[in-house]
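Kindly generate the complete structure, drawing on both the sequences and the hints.
Note that the sequence shown covers residues -18 to -1, 1 to 317 in mature numbering (1 follows the signal peptide of the UniProt record, and there is no 0).
It should be emphasised that the hints constitute simulated quantities derived from the structure, not laboratory data. Here a beta-carbon is modelled for each residue, glycine too, at the ideal position from N, C-alpha and C. Some clues are possibly wrong.
[Said to hold, decoys possible] For lysine to aspartate or glutamate, the following EDC-like pairs were computed, each having C-alpha atoms within a straight-line distance of at most 16 Å:
| id | residue 1 | residue 2 |
| --- | --- | --- |
| 1 | 145 | 185 |
| 2 | 287 | 130 |
| 3 | 48 | 62 |
| 4 | 259 | 158 |
| 5 | 129 | 8 |
[What the hints assert, rightly or not] DEER-style ranges, computed between Cβ atoms:
| id | residue 1 | residue 2 | range |
| --- | --- | --- | --- |
| 6 | 142 | 249 | 55 to 63 Å |
| 7 | 183 | 209 | 42 to 50 Å |
| 8 | 142 | 39 | 18 to 26 Å |
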Amino acid sequence: MKPFLIGAIALVSLVANASTEDSPAEALLHNMHQATEQLDYELSYILVRKNSIEPLRFRHAVVDGKSFGQIAYLSGPPREVIRRGDEISYFEPGIDPFTIQSNQMVAPLPAVMQTNIDHLATMYDFVPLGRAREAGVACDVVRVSPKDGERYSYVLWIDQDTKLLVRADLLGRDGDPIEQYRALSVVVSPQVGDMMRQLATVELPPVVHLPNKPNTGLNWQVTDLPAGFEPIYRNRHRLLITERPVESQMFSDGLFSFSVYLSEADKFSVPEQVVRKGRRTLHSHLVGNAEVTVVGDIPPATAKKVAESVRFVSQPKAPAVAEPTTPAESGVETQ
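Structure follows, in structure tokens:
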């Protein structure tokens, strides 16, 4: 009996130790995140959507202990995003350049490159899919699959040598590809750091300092969120074009995000509407005299579930009037 007990205790100890260690796939993602933040490199890549292929270039380097990044759109009107530490500058056609304080670039890069892997592990399974070749290099392939089936998944190709992400396929719930990020060339070199160091002396737009606002209290809440989604922003504002007053809340799980908008129903409101374009879903429906709209990077079924879970603390009423917000203040991601 004693040898049996000793063996059982040893087995339990091994299982406990194994559960505290990262799986090979999770360890690979940690290596990818570390390489993304620490190496000096340049990626030329294309973003493939249903009806478009967009060429871009991403450069990254660590300059004097700060992370510098630069994304350039290589076709169409000049567009650029520049990161210097915790300051992100945006140059878009038709609007004045501006700079905000943030540690993440809102740009067409896979969000998995800029997120916390440990946090993702609580909501997603990391499944190794073997090896393949992409962008001329040998890669390890990993699937990032949601535990609850209420959001999209990724298949990632990670360079075996540099640990940089060279391909990412965004997949719908049915497994069909929605969007692809595909590197065409990867260069890891100190020369990239020398080029990026020049950005330290470039005069960029001053940081936009938004006035401090008290925590906006809303008389409604979302009662059925997918696990891991947390509120990161709430606001009252007017839509820039129609001047229609709107209340909004934004939620994120670190990989995907969506916003819930509430406004007073008008003659253009319809009982229910669903629109999907690529990764983006819009679902709206009426609750009394209020229109609830969910917009974000989630499947239509999840957007419908979220919209229908909105509950009011008191009788629904029109949102309070507020001043228009800038794109940076709205918290809505544009890609």
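Comparing the hints with the structure gives:
| no. | hint | verdict |
| --- | --- | --- |
| 1 | 145 to 185 | 33 Å, violated |
| 2 | 287 to 130 | 14 Å, holds |
| 3 | 48 to 62 | 19 Å, violated |
| 4 | 259 to 158 | 14 Å, holds |
| 5 | 129 to 8 | 15 Å, holds |
| 6 | 142 to 249: 55 to 63 Å | 59 Å, holds |
| 7 | 183 to 209: 42 to 50 Å | 46 Å, holds |
| 8 | 142 to 39: 18 to 26 Å | 23 Å, holds |
Hints 1 and 3 from the earlier list are contradicted by this structure; the remaining hints agree with it.
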